[in-house]
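Here the protein sequences line up with chains V and H, keeping their order. According to this note's numbering, the stretch in the first sequence is residues 1 to 219, in order. According to this note's numbering, the stretch in the second sequence is residues 1001 to 1063, in order.
Treat the hints with care, as some may be off.
Derived, one-sided and incomplete: chain V residues facing chain H with beta-carbon distance under 7 Å [unchecked claim]:
1) Gly-11
2) Leu-44
3) Ile-45
4) Gly-46
5) Ala-48
6) Gly-98
7) Phe-143
8) Ile-148
9) Glu-213
Pulled a few chain H residues facing chain V out of the computed Cβ check, cut under 7 Å [what the hints assert, rightly or not]:
10) Arg-1002
11) Ser-1009
12) Glu-1011
13) Val-1020
14) Gly-1034
15) Leu-1041
16) Leu-1044
17) Arg-1048
Anything over 10 Å on all C-beta distances counts as not near chain H; from chain V, calculated [claimed, not checked]:
18) Pro-14
19) Ala-29
20) Pro-112
21) Leu-114
22) Lys-128
23) Arg-155
24) Arg-167
25) Asn-170
26) Ser-172
27) Gly-173
28) Gln-180
29) Lys-202
Calculated from the structure, these hints are not laboratory results. C-beta: ideal position from N, C-alpha, C; glycine also.
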Amino acid sequence: MNCLEFRRRVGAEPSVSGDDIEAHRRECAACARHQDELRAMDALIGRALAVDAERIRKITPRRPRWLALAASIVIGLSVGLALWISLPRPSLAREVIGHVADEPGAMGSTAPILPQALADVLDPDGTKLRPGVGNVTFAARCFVEGRIVPHLVVRTPQGPVTVLLLRHRNVSGPVRLAEQGYVGVVLPAPRGSIAIVGRDQKGLDGIAQQVFEAVDWGN
Amino acid sequence: MREALFRLSDEYREPLVLQVMMGYTTQEIADQMGLQRGAVLTRLFRARARLRQELRLDAEPSP
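Based on the provided sequences and hints, a complete structural model is requested.
If you want it as structure tokens, here you go:
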């Protein structure tokens, strides 16, 4: 195992162990220190999220041990859920553009994908894309605003655009996006909304309209 | 740390919280989020990389 592979593995799972991990730790002090730092960071994360749970436990009256244990589990889960729900939601623009920026390779794709690959992404929501708007060169189901949404890249004659079908997100009118060198628009759709993001503002509204009209949202 | 955590986008924060706070395995997170395990590993890696970056930036004194 080399340093790159080691750091990929421990970056995703700092608690990972095994013969190959331990062998690399012995060989490379810098990587061993890196893993230790990540483990320490996880402990900090755990403590940061547990603060409120601890406060609630302190004001809970004493009960039999088994009841206290059950209560602490319920409180822990409830606080975790409450923390989760109360986490600040980034703005629509940041979420959409952030997702596009995280996958720069998607916008750069040029080869049309197979019709079945497109169907695999759209069918779960009963959506279809009418032909004629351009070649679809990327299709995936991605996590945006806590929901799994279809993410397409369509190569129009004016250039590639990213299309996100946001069934969960209603907007009352067009929302303009411009961040990190990307521009786009979120349009109200028959089911939620649709985000169209490109690199160039010129012609974007026309492309957005074409893409919008090409989407069949189903029933 | 909490603020840095909250600045992460949901797609990175959710698997991290599930792993660190709830003790889910990467496969369980993948099942929960409807993702391939590889995508979960990528998100966890990126989430930690961003947190490390944020915390380092936070620690730097103001000019």
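Beyond 10 Å from every chain H Cβ: check whether that's true for Pro-14/V.
violated, 8 Å
Any Cβ of chain H at or closer than 10 Å to Ala-29/V, or is the non-interface label fine?
Non-interface label stands for Ala-29/V: nearest chain H Cβ at 19 Å, farther than 10 Å.
Determine whether the non-interface label on Leu-114/V survives the test: each CB of chain H must be over 10 Å from its CB.
holds, 19 Å
Compute the least Cβ-Cβ separation between Gly-173/V and chain H, then decide whether it is above 10 Å.
Holds, since 24 Å exceeds 10 Å.
Checking hints one by one. Is Leu-1044/H an interface residue toward chain V, by the C-beta closer than 7 Å rule?
Given a least distance of 4 Å, the restraint on Leu-1044/H holds.
Chain V contact restraint for Leu-1041/H - C-beta distance below 7 Å
Hint holds; Leu-1041/H Cβ to chain V Cβ min 4 Å, cut 7 Å.
Hint check, Gly-11/V versus chain H [nearest Cβ-Cβ separation less than 7 Å]
This hint holds: Gly-11/V lies near chain H, its Cβ roughly 4 Å from the closest one there, short of 7 Å.
Hint check: is the beta carbon of Ile-148/V less than 7 Å from a beta carbon of chain H?
Check passed: Cβ of Ile-148/V comes within 5 Å of chain H, closer than 7 Å.
Would the non-interface assignment of Pro-112/V survive a Cβ cutoff of 10 Å against chain H?
holds, 23 Å
Is the Cβ of Lys-202/V more than 10 Å away from each Cβ in chain H?
holds, 29 Å
Classify the hint on Arg-1048/H as holds or violated, based on whether any CB of chain V lies nearer than 7 Å to its CB.
holds, 5 Å
Would you check whether the claim that Arg-167/V is not at the interface survives, using Cβ distances to chain H and the 10 Å cut-off?
holds, 15 Å
This entry does not satisfy hints 9, 18, going by the numbered hints stated previously.
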